[in-house]
Amino acid sequence: MKLNSKIHHLIEVKQFKDRELLEEIFSLAREMEVADKGGEYGKLALSQTSRRKILATLFYEPSTRTRLSFESAMLRLGGEVISTEDAPSFSSVTKGESLVDTIRVTSSYADVIVLRHYEEGSSKIAAEVSPVPIINAGDGTGQHPTQALLDMYTIQKELGRTDNLEVGLVGDLLYGRTVHSLAYLLAQQKGIKLYFVSPGEIKMPRDVIHYLEEQKVAFEEITDLKGIASRVDLLYVTRIQKERFRNIKDYNRMKRVYVINNEILSLMKKEARIMHPLPRVDEIAVEVDKDPRAAYFRQAANGLYVRMALLKMILG
Amino acid sequence: MKLNSKIHHLIEVKQFKDRELLEEIFSLAREMEVADKGGEYGKLALSQTSRRKILATLFYEPSTRTRLSFESAMLRLGGEVISTEDAPSFSSVTKGESLVDTIRVTSSYADVIVLRHYEEGSSKIAAEVSPVPIINAGDGTGQHPTQALLDMYTIQKELGRTDNLEVGLVGDLLYGRTVHSLAYLLAQQKGIKLYFVSPGEIKMPRDVIHYLEEQKVAFEEITDLKGIASRVDLLYVTRIQKERFRNIKDYNRMKRVYVINNEILSLMKKEARIMHPLPRVDEIAVEVDKDPRAAYFRQAANGLYVRMALLKMILG
Amino acid sequence: MKLNSKIHHLIEVKQFKDRELLEEIFSLAREMEVADKGGEYGKLALSQTSRRKILATLFYEPSTRTRLSFESAMLRLGGEVISTEDAPSFSSVTKGESLVDTIRVTSSYADVIVLRHYEEGSSKIAAEVSPVPIINAGDGTGQHPTQALLDMYTIQKELGRTDNLEVGLVGDLLYGRTVHSLAYLLAQQKGIKLYFVSPGEIKMPRDVIHYLEEQKVAFEEITDLKGIASRVDLLYVTRIQKERFRNIKDYNRMKRVYVINNEILSLMKKEARIMHPLPRVDEIAVEVDKDPRAAYFRQAANGLYVRMALLKMILG
Numbered sequence: 014m015k016l017n018s019k020i021h022h023l024i025e026v027k028q029f030k031d032r033e034l035l036e037e038i039f040s041l042a043r044e045m046e047v048a049d050k051g052g053e054y055g056k057l058a059l060s061q062t063s064r065r066k067i068l069a070t071l072f073y074e075p076s077t078r079t080r081l082s083f084e085s086a087m088l089r090l091g092g093e094v095i096s097t098e099d100a101p102s103f104s105s106v107t108k109g110e111s112l113v114d115t116i117r118v119t120s121s122y123a124d125v126i127v128l129r130h131y132e133e134g135s136s137k138i139a140a141e142v143s144p145v146p147i148i149n150a151g152d153g154t155g156q157h158p159t160q161a162l163l164d165m166y167t168i169q170k171e172l173g174r175t176d177n178l179e180v181g182l183v184g185d186l187l188y189g190r191t192v193h194s195l196a197y198l199l200a201q202q203k204g205i206k207l208y209f210v211s212p213g214e215i216k217m218p219r220d221v222i223h224y225l226e227e228q229k230v231a232f233e234e235i236t237d238l239k240g241i242a243s244r245v246d247l248l249y250v251t252r253i254q255k256e257r258f259r260n261i262k263d264y265n266r267m268k269r270v271y272v273i274n275n276e277i278l279s280l281m282k283k284e285a286r287i288m289h290p291l292p293r294v295d296e297i298a299v300e301v302d303k304d305p306r307a308a309y310f311r312q313a314a315n316g317l318y319v320r321m322a323l324l325k326m327i328l329g
Numbered sequence: 014m015k016l017n018s019k020i021h022h023l024i025e026v027k028q029f030k031d032r033e034l035l036e037e038i039f040s041l042a043r044e045m046e047v048a049d050k051g052g053e054y055g056k057l058a059l060s061q062t063s064r065r066k067i068l069a070t071l072f073y074e075p076s077t078r079t080r081l082s083f084e085s086a087m088l089r090l091g092g093e094v095i096s097t098e099d100a101p102s103f104s105s106v107t108k109g110e111s112l113v114d115t116i117r118v119t120s121s122y123a124d125v126i127v128l129r130h131y132e133e134g135s136s137k138i139a140a141e142v143s144p145v146p147i148i149n150a151g152d153g154t155g156q157h158p159t160q161a162l163l164d165m166y167t168i169q170k171e172l173g174r175t176d177n178l179e180v181g182l183v184g185d186l187l188y189g190r191t192v193h194s195l196a197y198l199l200a201q202q203k204g205i206k207l208y209f210v211s212p213g214e215i216k217m218p219r220d221v222i223h224y225l226e227e228q229k230v231a232f233e234e235i236t237d238l239k240g241i242a243s244r245v246d247l248l249y250v251t252r253i254q255k256e257r258f259r260n261i262k263d264y265n266r267m268k269r270v271y272v273i274n275n276e277i278l279s280l281m282k283k284e285a286r287i288m289h290p291l292p293r294v295d296e297i298a299v300e301v302d303k304d305p306r307a308a309y310f311r312q313a314a315n316g317l318y319v320r321m322a323l324l325k326m327i328l329g
Numbered sequence: 014m015k016l017n018s019k020i021h022h023l024i025e026v027k028q029f030k031d032r033e034l035l036e037e038i039f040s041l042a043r044e045m046e047v048a049d050k051g052g053e054y055g056k057l058a059l060s061q062t063s064r065r066k067i068l069a070t071l072f073y074e075p076s077t078r079t080r081l082s083f084e085s086a087m088l089r090l091g092g093e094v095i096s097t098e099d100a101p102s103f104s105s106v107t108k109g110e111s112l113v114d115t116i117r118v119t120s121s122y123a124d125v126i127v128l129r130h131y132e133e134g135s136s137k138i139a140a141e142v143s144p145v146p147i148i149n150a151g152d153g154t155g156q157h158p159t160q161a162l163l164d165m166y167t168i169q170k171e172l173g174r175t176d177n178l179e180v181g182l183v184g185d186l187l188y189g190r191t192v193h194s195l196a197y198l199l200a201q202q203k204g205i206k207l208y209f210v211s212p213g214e215i216k217m218p219r220d221v222i223h224y225l226e227e228q229k230v231a232f233e234e235i236t237d238l239k240g241i242a243s244r245v246d247l248l249y250v251t252r253i254q255k256e257r258f259r260n261i262k263d264y265n266r267m268k269r270v271y272v273i274n275n276e277i278l279s280l281m282k283k284e285a286r287i288m289h290p291l292p293r294v295d296e297i298a299v300e301v302d303k304d305p306r307a308a309y310f311r312q313a314a315n316g317l318y319v320r321m322a323l324l325k326m327i328l329g
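Residue numbers (our numbering), protein chains in the order written: chain S, 14 to 329; chain H, 14 to 329; chain A, 14 to 329.
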């Protein structure tokens, strides 16, 4: 198994179209979890022969959760971390340095760079010049591939399969980057039926819809959550992003249209699951947290093991 | 000695009412100092069988000194650290995530969380949901238990005892969180006489006074520092906190009422000590620093060893 | 070879007047690079007998590049790092704590302190009170000795010598701290001819000029870059610092006076080199990057190995 050759830069979710690769990542993530919980440091460690590898986080916009998750993953693998929480105040950047130059210099200091940037396509540009692997940790409204992978991993782990699923994607489907990637990865599986549940103003974008049509994936765009609650194996809920609305009235109207609460829960199948990329605000009531079907905190924890697996594959 | 069972969450100073526990912490802190200075890494290390443990600092208000002290303690124990210097800009928090959700997620990434928060009671709330130990590193005007422990440890180390002491607490006794905790812990000792030396506007709060009365601890509220300088074994000085005063005139009037300088020093006993939680501004003159009775920088250094001891007890 | 006794605090470039010491640092930096690239962890490690040493970065102004370079160097040596990215918001500092007190406290937590400060002379003041080594990572318009050392190391590595060189220093010679230090170190070598190429308003300061006259170093102050491009072994280019100009018109007029592009490159010797302390803005055209004479990204990478060598000498 030549892991090294499979992933170098990790830029977009399309790299994971290959089902075998996806399964390999999931299998490695499970190994990581078992070794981590069992304290089997030897199995976790990246390599025992060379010096400790160094991961640099280069974040042009804050995402503390993602940063801490990558840092914790790297440390658990026996690696080390150097961090920038706020790269725009990176002194070089304020002085006018280009992303490309910043990447070239940072790549001298680190063995892998985790890049978060506000502009779509930044990771691709970075990867073109970087001698060390670039991991895209979100670029603007573009890709956030490790989130998509941990979502799929959670589905596999919670439901025991990634095929033959009815999935409701709920909330902000227009701006929610995670639902686009998830729809893309689910489209590669067999027997999938998707329900897109959102107010009309923040529907799934047309390019995703066209892609699903091309791929002949079954889907419906609907507005009534209750109508599908009893059918789905999974509700994937997203936050209505306040920062996206110019008019606060529009936000206030939409933010409470779909709230997962005990009433919705009572309609759902026993073995169904609720996921959410977090942070959640009001779209899932706190009363839901204690139900075993509430998988969102386990989903966050899975992010750690998926990132450990990816780092291990990338760093060899 | 089952350390593990003695402390899990470290939330408030009341947890250290048990004198035996206090002595156990102090003894472990001394061991840590000896091993650290002697470079005996094996004795420091948290555990040699499992992976390196990870500490997360989650600071909702800055306290660089406390953060660095905890981080240094954890690293000396062979552990690792993930950090948030400024949690309110934690992207999830700005998006409306609750403390409870943030704790749930962070606890997936770390083996122990050091929480600093601006609201009293936050650590208690965090401890209720966290599967990993929470250490309170200060919550608003509430508790800062590790500071109280390092203060007591310094008293024991500098004066050779924590009983039979006359102690002057000087400065801002109303807002100074550290003096409340210290008064509480001193009240558990024998033969204590306390002098509360402050301007009338920033006197010791009534709940502390009532507690001392109940516990039958001898104390006096006075305004004249010179009158007690020759009697006390310890002067514990605190900064008048500019940020507490709406009227800058009040601050300017009070800030220089009590200044420890060579004149005060000349009145004090040879074996007495001066302590201060730091930072100091003008309330201790720089000329005092070189006197062997000036214990405040040694006190700051003790914080490291007390925190190493606490982490070792908590993480087992 | 008693490395320990040679450097304790690293404050100013004058400490490296001794050519033998300079060569020792360069030789150790080469060793570090070979061991790091070969993964020979044992050769890198600071010490295998004691606990991991801790480096504290204390930055009163941002310099992410310098911070990450030091942190990466320390981690590669098997050490650990505690960091303050923004010390002015260091809670103690905002409360009025002096630099001297901050240093005293931080020195309890770390084995070496890397200090960046906006005031000239800060590192010297810090070194006077610190029980642990202070490394000056830039103090105001004053010194930045590790940058000067990595510049000299790069010259040695790229050109094979530090003697018998014709060097053009180009751009902002008035405010550019690096060119002052480089001129000083080059003045200690044999057979040096310097060309100072700058607009009249931002010429080399008079104290540097007087020093070179005293040392009988050959130099010329000129305004025409093309006239020397074919003669020099090295062009050391600096950014015109926008932040130094009150009048944006002055900045706009000067910023494009000297631009290294393919035209300049075509005039230069085959074995010549172009260096730049980075970040660069427009003063070196991107088209130059792919030419083997463009040494500036290798120069940045050298910073890592020079800092590893210095930390190893300082920490023993």
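Read the hints as simulated data drawn from the structure, not as lab findings. Any given hint might turn out to be false.
Put simply, identical chains are the same to the list, so a pair is met inside one copy or across any two.
Restricting the straight-line Cα-Cα distance to at most 25 Å, the calculated cross-link-like pairs of lysine-lysine (DSS-like) are [to be verified]:
(1) Lys239 - Lys268
(2) Lys203 - Lys50
(3) Lys262 - Lys206
(4) Lys303 - Lys108
(5) Lys268 - Lys108
(6) Lys239 - Lys216
- Message: When Cα atoms must be at most 25 Å apart, do Lys203 and Lys50 count as within-copy, between-copy, both, or neither?
- Response: neither (33 Å within a copy, 46 Å between copies)
- Task: Measure nothing new, just compare the shortest in-copy and cross-copy C-alpha distances for Lys262 and Lys206 to 25 Å and report within, between, both or neither.
- Result: neither (33 Å within a copy, 62 Å between copies)
- Task: Please work out whether the CA atoms of Lys303 and Lys108 approach to 25 Å or closer within one copy, between two copies, in both situations, or in neither?
- Result: Classified as between: cross-chain Cα gap 23 Å, same-chain 50 Å, threshold 25 Å.
- Query: From the Cα coordinates, with 25 Å as the cut-off, is the pair Lys239 and Lys216 best called within, between, both, or neither?
  - Reply: Intra 18 Å, inter 60 Å, cutoff 25 Å: intra-copy only.
- Between copies, within a copy, both or neither: which fits Lys239 and Lys268 at Cα up to 25 Å? Cα proximity of Lys239 and Lys268: one copy only (17 Å, versus 64 Å across).
- Message: Checking an output row: Lys268 and Lys108, CA cutoff 25 Å. Within, between, both or neither?
- Response: between (40 Å within a copy, 13 Å between copies)
In summary, the numbered hints that this structure violates are 2 and 3.
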